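Participant: Going down the list, the protein sequences come from chains A and B.
Under the working numbering, the first residue of the first sequence carries the number 4, and numbering increases by one thereafter.
Under the working numbering, the first residue of the second sequence carries the number 3, and numbering increases by one thereafter.
Do not take every clue at face value.
[To be verified] Cβ pair distances, simulated, as ranges:
#, chain 1, residue 1, chain 2, residue 2, range
1, A, G162, B, G284, 47 to 57 Å
2, A, T90, B, G82, 36 to 46 Å
3, B, M133, A, P156, 40 to 50 Å
4, A, T150, B, E74, 34 to 44 Å
5, A, K167, B, L310, 56 to 66 Å
6, A, A207, B, N205, 28 to 38 Å
7, B, Q137, A, F299, 56 to 66 Å
8, B, G136, A, S159, 41 to 51 Å
[As the list claims (entries may be wrong)] A few chain A residues that don't get close to chain B, going by computed Cβ distances all over 12 Å:
#, residue
9, C28
10, F37
11, H92
12, I107
13, I145
14, R157
15, S159
16, V177
17, T252
Worth flagging that the hints you see were computed from the coordinates, not collected in a lab.
Quantities reported herein were computed from a predicted structural model and do not represent experimental measurements.
Backbone N, C-alpha and C define an ideal beta-carbon position, used for all residues, glycine too.
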Amino acid sequence: MQYFTKIRQLLDNKFATRAILAALCVIMALLPLFLNNYVLNVLWNAFFYMLLAMGLNIIVGYCGLCDLGYAAKFAIGAYTTGILIKTYHWNFWLTLPASLAVSIIAALLIGGPTLKLRSDYLAIVTLGFAEIVRITARNSNITGSATGISAIPRPSFFGIRLVKPNHWYYVFLVLVIIFIIISGRIRNSRVGRALAFIREDEDAAQAMGVNTTSYKLLAYTIGAAMGGITGSFYAVKMTSISPSSFDFTQSVNILLAVILGGMGKIPGVIVGAAFFAIFPELFRDIPVIGDMRMLFFGILLIAVMLNRPQGLWPDKLGSEPGGLPGDINTVGRR
Amino acid sequence: MLALGGVCVFSFSEVVLQQLINGLILGSFYALVALGYSMVYGIIKLLNFAHGDIYMIGAFACLSVFGVISKEIPGLAGIGLSIAAAMVLAGIIGYLVQRVAYRPMLEAPRLSLLITAIGVSLVIYNTVMLMTNGQPLFFFSGIDNSAGFSFGNIRITYVQIFMLALSATTMLALSFFISRTMMGKAMRAIALDQDACRLMGINVNKIIGSTFIIGSMLAAIAGGMACVYYGNVQYNMGYTIGIKAFTSAVIGGIGSMPGAMLGGLLLGLLEAIGTQVMTSMGMSGSAWKDVFAFGILIVMLILRPNGLMGKTDVERM
Chain A
4 MQYFTKIRQL
14 LDNKFATRAI
24 LAALCVIMAL
34 LPLFLNNYVL
44 NVLWNAFFYM
54 LLAMGLNIIV
64 GYCGLCDLGY
74 AAKFAIGAYT
84 TGILIKTYHW
94 NFWLTLPASL
104 AVSIIAALLI
114 GGPTLKLRSD
124 YLAIVTLGFA
134 EIVRITARNS
144 NITGSATGIS
154 AIPRPSFFGI
164 RLVKPNHWYY
174 VFLVLVIIFI
184 IISGRIRNSR
194 VGRALAFIRE
204 DEDAAQAMGV
214 NTTSYKLLAY
224 TIGAAMGGIT
234 GSFYAVKMTS
244 ISPSSFDFTQ
254 SVNILLAVIL
264 GGMGKIPGVI
274 VGAAFFAIFP
284 ELFRDIPVIG
294 DMRMLFFGIL
304 LIAVMLNRPQ
314 GLWPDKLGSE
324 PGGLPGDINT
334 VGRR
Chain B
3 MLALGGVCVF
13 SFSEVVLQQL
23 INGLILGSFY
33 ALVALGYSMV
43 YGIIKLLNFA
53 HGDIYMIGAF
63 ACLSVFGVIS
73 KEIPGLAGIG
83 LSIAAAMVLA
93 GIIGYLVQRV
103 AYRPMLEAPR
113 LSLLITAIGV
123 SLVIYNTVML
133 MTNGQPLFFF
143 SGIDNSAGFS
153 FGNIRITYVQ
163 IFMLALSATT
173 MLALSFFISR
183 TMMGKAMRAI
193 ALDQDACRLM
203 GINVNKIIGS
213 TFIIGSMLAA
223 IAGGMACVYY
233 GNVQYNMGYT
243 IGIKAFTSAV
253 IGGIGSMPGA
263 MLGGLLLGLL
273 EAIGTQVMTS
283 MGMSGSAWKD
293 VFAFGILIVM
303 LILRPNGLMG
313 KTDVERM
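Only chain A is shown next, with the shape it has when bound in the complex:
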């Protein structure tokens, strides 16, 4: 336990963090030279979960809102791109702004009316909305009904057609780095501090002049937009999408990655997402454990909440000098 604390202190040190990050970037960039396609695909899957978890982290980790329908956000992005490419023959890169716009509009429609109310209403509304999206996708012609959209052409990037596993490895690695930068910049900005304040004590935040409704809506919209973009890339990487990829289990998985990893803490979220992507691969040959996966996660979730309500590797914003007053473990409890 003492060593664990020491390692954590080392990782929380700014200089050490940068050195480790630089080394990690180099290692990750060189990895495809040594790995086979299977491992690359597993890593790609881990990157994919990291992107989703970082998007949801803005909503759950930074702002303390509970979103139980995050799969719908990336479904919206994936279907927007899929439909625009297949039905209207758009270039993939041009569908990205469209997917961004649709995600933002959907988030505003859902978040706008509900975020004014008790925050826990959002949980059930997002769940209901995710079901609406999934059922609509399953029963509409334009989304290809239950079979979904298939044979979406792969895009090219400066003349290189992105077909090989290592192409996608690099595309998603770059996306992960971009998302890390975005998340980090938001966290350390005025917006990030306002969101942390709302998460810790909403009434106090409001009393100090933070417009809680618009900040919550902002966090929700940014999170949804990140999910939408991830969905667009997912659609062209997989070349086929179907409603079953966007069900409730998917939303729960992403939520678990964020919560178990450590709400609000970017490295925590990344480790959590990697765990969720790689864990099933480790046990894929042992059927009983594979089936018991979600049961195990449920028990883990309760145990973590009972003992470490802020996740395994929580964010320390709040206990830093110059940050919010008080410790994260005492503020906001009632």
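Dock chain B against the given chain A, drawing on the hints supplied.
Facilitator: Okay, now just chain B, sitting in the frame of chain A:
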């Protein structure tokens, strides 16, 4: 249930009446489950995510008990006894969940409590899925589900009458309990101010435990009724009804008992009529009926977030 249409030519008013009956039945399921949601929300402000799974456990318990006793006690008496046994089991599980997972979290932030509830739901859901291998189990009540009265083309079966009577009795008993007994009074008091109750000598933890037991028992009644009515039981049956019961509670005004009953019945009626309207418009009504229900939830929250019978003050987290 929906197969009633299309067999013969119905007049418009008959279709409406038939759907009213169907909606009433559906609504009594929602209302019973919504009551549990609303009671727990009223008292500790927790969205009890595992409530739908308690309903599912009630259904499985009823099915198992009836399987054992149906040789000795067949028919309605046996079903009644099975539902009673299911209520006991669901009450115990509801209490245990509260004791183990929620009670230590009562002082924690609301988000942590909500996430714990999701964890509980995952545990119950996956345990039952592993125990039943994900297969549905079938319920043979020995009662003819189609026997009943006919008024022209409108049919109401004995089973439907039994279920309406059972849910009406339950709800009346609950109203009496909440409004007339000491414990009901204590529940209402805790919903208003927990600390003041503690100072007045009310054992708050005991009352919260009782609320979970009663809420779970109500869900088990609905689960037992679902056994008889639909004839099959599956591990995922609690998920959709959980969201719909929450919708009902929101329609009525969350935390309000009469609101939950009214909301449940209204949602059942709206869903039955909505499905009928969509079918007559040439769309697949049954595929879209959940969209309809969840759409009502979102519209309701936009237009009247405190529900039809909820208090008008907006409560913040």
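Participant: Next step is simple, just say for each hint if it's right about the structure.
Facilitator: Evaluated hints:
1. Between G162 (chain A) and G284 (chain B) the beta carbon distance is about 49 Å. The supplied range of 47 to 57 Å therefore holds.
2. For T90 (chain A) and G82 (chain B), the hinted distance range of 36 to 46 Å is not satisfied, since their beta carbons lie about 56 Å from each other.
3. Between M133 (chain B) and P156 (chain A), the C-beta spacing of about 45 Å keeps the proposed range 40 to 50 Å intact.
4. Taking 34 to 44 Å as the suggested C-beta distance range, the pair T150 (chain A) and E74 (chain B) does not conform, at roughly 50 Å.
5. Evaluation of the 56 to 66 Å hint for K167 (chain A) and L310 (chain B) yields a pass: the beta carbon distance comes to about 59 Å.
6. Under the hint 28 to 38 Å, the C-beta atoms of A207 (chain A) and N205 (chain B), about 32 Å apart, fit the expected range.
7. With their beta carbons about 22 Å apart, Q137 (chain B) and F299 (chain A) fall outside the hinted range of 56 to 66 Å.
8. At roughly 43 Å, the beta-carbon separation of G136 (chain B) and S159 (chain A) lies within the given 41 to 51 Å, and the hint holds.
9. Remark: the non-interface label on C28 (chain A) is consistent with the geometry, its nearest Cβ contact in chain B lying 32 Å away (cut-off 12 Å).
10. With 12 Å as the threshold on Cβ separation, the claim that F37 (chain A) sits away from chain B holds: the shortest Cβ distance comes to roughly 37 Å.
11. Listed as outside the interface, H92 (chain A) is consistent with that label: its C-beta sits roughly 29 Å from the nearest C-beta of chain B, beyond the 12 Å cut-off.
12. Against the 12 Å criterion, I107 (chain A) stays outside the reach of chain B, whose nearest CB is about 18 Å from its own CB.
13. Even its closest Cβ contact with chain B, about 15 Å, leaves I145 (chain A) beyond 12 Å, as expected for a residue assigned away from the interface.
14. Distance to chain B confirms R157 (chain A) as a non-interface residue, since its nearest Cβ pair spans about 32 Å, more than 12 Å.
15. No Cβ of chain B approaches the Cβ of S159 (chain A) within 12 Å, the least distance being about 38 Å, so the stated non-interface status holds.
16. Chain B leaves V177 (chain A) outside its interface by the beta-carbon criterion, the shortest separation being 32 Å against a cut-off of 12 Å.
17. A Cβ of chain B approaches the Cβ of T252 (chain A) within 12 Å, the least distance being about 10 Å, so the stated non-interface status is violated.
Hint compliance for this structure: hints 2, 4, 7 and 17 are not met, and every other hint is.
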